[in-house]
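Undergrad: Residues per chain, in single letters:
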Amino acid sequence: MQANPTPSQTVSAGPAPVQGFWATRRIVLALIAVALVGWSVTSLNWSWLANPKYQALLLQGAWNTTWILVVTMVLGMLLAIPLGLAQAAGPWWLAAPARAFCGLIRGTPLLLQLWLLYYGLGSLFPSIPWIRESDLWPILRQAWPYAVLALTLSVAGYEGEVMRGAFKGVPHGQLEAARAMGMPRFTIFRRIWLPQALQRVLPTLGGETVLTLKATPLVATITVVDIYAVSSRIRQDTFVVYEPLLLLAVVYMAIAGVIVLLFRWLENRVPQRTA
Amino acid sequence: MANGNQQSPEAIRVADLHKSFGTHHVLKGVSLTAHEGDVVAIIGGSGSGKSTMLRCINFLETPSSGLISIAGEAVAMHPDGSPSDRKQLERIRQSLGMVFQSFNLWTHRTVLENLIEVPVHVMKCPRDVAIDRARKLLARVGLAEKEDAYPAFMSGGQQQRAAIARALCMEPKAMLFDEPTSALDPELVGEVLQVIKGLADEGRTMILVTHEMKFAREVASHVIYLHNGLIEEQGPPDQLFGAPQSDRLKQFLKSVA
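Chains as they are written, first to last, in the working numbering: chain P, 260 to 534; chain G, -2 to 254.
Treat the hints with care, since some could be wrong.
Now the in silico label distances, taken between C-beta atoms and shown as ranges [as the list claims (entries may be wrong)]:
{"#": "1", "chain 1": "P", "residue 1": "K473", "chain 2": "G", "residue 2": "S62", "range": "58 to 64 Å"}
{"#": "2", "chain 1": "G", "residue 1": "A141", "chain 2": "P", "residue 2": "L318", "range": "51 to 57 Å"}
{"#": "3", "chain 1": "P", "residue 1": "P530", "chain 2": "G", "residue 2": "K211", "range": "35 to 41 Å"}
{"#": "4", "chain 1": "P", "residue 1": "T367", "chain 2": "G", "residue 2": "G26", "range": "53 to 59 Å"}
What the simulated footprint calls covered on chain P by chain G, stretch by stretch (three residues with Cβ under 8 Å from a Cβ of chain G suffice, anywhere in the stretch; the number is not a length) [unchecked claim]:
{"#": "5", "segment": "399 to 408"}
{"#": "6", "segment": "449 to 463"}
Far from chain P, by Cβ distances over 12 Å, these chain G residues were calculated [stated by the list, open to error]:
{"#": "7", "residue": "D13"}
{"#": "8", "residue": "G26"}
{"#": "9", "residue": "P183"}
Please keep in mind that the hints were generated in silico from the structure rather than gathered at the bench.
Here the structure is a predicted model, which is why all the values come from computation and not from measurement.
C-beta atoms are modelled at their ideal positions from N, C-alpha and C, and glycine is treated no differently.
The shape of chain G in the complex, shown without the other chains (with noise of 0.2 Å):
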């Protein structure tokens, strides 16, 4: 795949996917492979498929065939696609955060607190280390003062930032974001892809289903453009962005200016 990596280690790979929803057949087959620092976007209209093919990566939807390989590991699957090893399945999701359109900050707890449940309670890492590194987290999101705050006092774009520190968090090896900004009023849409784009510079390896064209062309090393369940045309951003190649793409992006 033209990804610009390619001398990097892998670190998520997706193999001939496919996802039905009863007789919905929602993903045809698409393959996808980031490397080490690579910023994926995936992009395409509503009911293409990209939040779906994003899911099926942690397993939040369960495939129904095809290969998920993370760093190299593919995840252990029944032949009707369901994970078969559940420690496994737990072990590859804590390195991979994931950011949620609607948050899912934990509303019964604070910030700071939702920030180490994991590394505490499922890592086992020690609380002051925790904290320490949950600190430094929120004061680069801009949440310094916020810690001791319950999510529901927060406004959406303050409580998308704690939700991209909690997974930071746990020091996962990709982050992978769905919609992050589609449940944000406009004027705080800005300050969450400000913080998505300070991890594309520091070169993370993510994997981002976005609306944000402008954003997806700027901080994006591959762009995949989905339609119906399958992948239209993938290439580098300005390729993709400034000479689209299928009339679906060409009409998608215009429908979207």
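Isolated chain P (complex conformation) (with noise of 0.2 Å):
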């Protein structure tokens, strides 16, 4: 092609083109971007945000669409570790019992589950006396406890399952060292079979988490308010139909971006190096 490239020529001919032409889409898609949000709030209707009602309702709901993700990932991930740990070494009684479960939640629909511990659970309560004389029927007897459950026992079997395949994929040679050094088996696991099998699952369980965020609008099946809820409740209130749709993605992105950068920072504590 070149007749006689001189090394300063290759460098500068090559890539130039190719990064004006993705400055020059980078630049019309924000410009797009920017059009849209114009069009979107000057032309459509968002009234309704003015008032406290919906202000104080929207934040009630990102508030609990953001703690039920919270507890439920925490509290799923701390089953999902010994769930995934039976499986990967546990003896057959252990073994079986966990992947029957694993395999038994990631069978079934969420909604069904979260709708048979409402449901089933919630109207077996109120018919066992010493549950409705007990300190913990005030609790009992709101949705949001079968709501932590479900979300609690769907995440404890997804990552049980990916928690088995990274317990697996810790190289024998890691723990053998451990062996030899002479530490005991409770020390092995907790100092180096388990940072490494949560490292290597990082990057899978950001993604898990943005799923477990996106499966939350469920809860509001059983009169949880999420934010869902209350978008909802505005589009029924105020025959907005569109506008509070917008809201609900933008929230849910927010939440989403804010995840993916925990998990990134996450990620780079440890270098890496891919080669």
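If you follow the hints, you should be able to join the two separate chains into one complex; please do so.
TA: In structure tokens:
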């Protein structure tokens, strides 16, 4: 192609047009985004946002969505670790029930699990006198414990399977070195096996957390007031159909963005060499 | 046994060790005694059982039968060979520094963290004491600059030197080397052998499984030639390498020369 390319020519001539193309494209995309935002701000109906009642509801909904996500991810992972370990290294009488649990959770819709717990346990409990008289009753009477339970079990089922692979994926030599140095078994688990398994699983776990976030609207079906329930309420009250959904999308994207950033930070704490 | 330091106390004794994997009889009754300061080299072809023999000493492989005794203390075993006293085994393992063919530094920790992990979190040594000791050892193996590096960013030779320092950081009574240079590029073998030689020169008790015959002859006080799970011949290095008796050893030495 080039008759007599000097090094400086080959370096500058090659990538420059591509970069120019991408730069132009990026500017165009940014302009389109700005235009879209401008259009939606000016020509859509956002008047309901000024209503203090809806503002309070939206805050409460966003808060509920967030804490339900955080609590169920944490509790779910705490269950997933023993579930994964039992399958990766446990005796058959631990591995078999763990595998069955993960299979059951992964094989049925979350909505079904949620309703079975809420309508099943939720109607069973009131018929048992000692539960109704216990101090826990004011809590068990509400919907959120069933939402938290269902989501926690769901996270446990999926992440239990993920952790099984993660535990198995830690190279044998890493554990053998620890054994050879006289580490007690639980110390090996706590200091070597678990941290390395979690580190392997972080990229997957970030994605799973986003997926769990997007599963949280199901709790609205059992009367928990999350951000989705609030947007539905506003739509019913005001007959504004489209704008609350847009706001909902923005809220979920914002939370998902925070999750992605958080996991990227966690992943970068231990430098990895990809080679 | 014809070891050099008969007057010094016994460090490691293996007696009539058998090991089978299923129906495959890998070790058919081998014995070894290392006194303090001895450097015992185990040589032999692949499949001769030399790594298995070494790994039985700290029970990374469970012997099928036999006796392992460290500094005069026999490791408690069930009749099937498995260790019966976990606490005792952990304590004994802490007194044996093991170096692997594939280094096995913990990848999620820096070099310094690798060194102080067991001293601090298992042996309950104060952290600053352990760090101090670790830094001295790193300087000794030529890795003073690398204490904050993660293993994945180091060459094989550097990783193996760090792994040796990690084993030394437990202040073990003896060192076990399992083919420490076999996974290294040829140009990195020398730096690791030099570190091991330094340990031998300062009188550390070591058992060394190796393919480096020249090195074995240079550092060992006693050499064991293993063939098909049995000790075919053993003796001082000059005798074993200089005037081998058995035909198998003669042939082996010719094949690796």
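Undergrad: Hint by hint, note whether the structure agrees.
TA: Okay, the hints, checked on the actual structure:
no.	hint	verdict
1	P:K473 with G:S62: 58 to 64 Å	59 Å, holds
2	G:A141 with P:L318: 51 to 57 Å	55 Å, holds
3	P:P530 with G:K211: 35 to 41 Å	38 Å, holds
4	P:T367 with G:G26: 53 to 59 Å	58 Å, holds
5	399 to 408	violated (count 0)
6	449 to 463	holds (count 5)
7	D13	23 Å, holds
8	G26	24 Å, holds
9	P183	21 Å, holds
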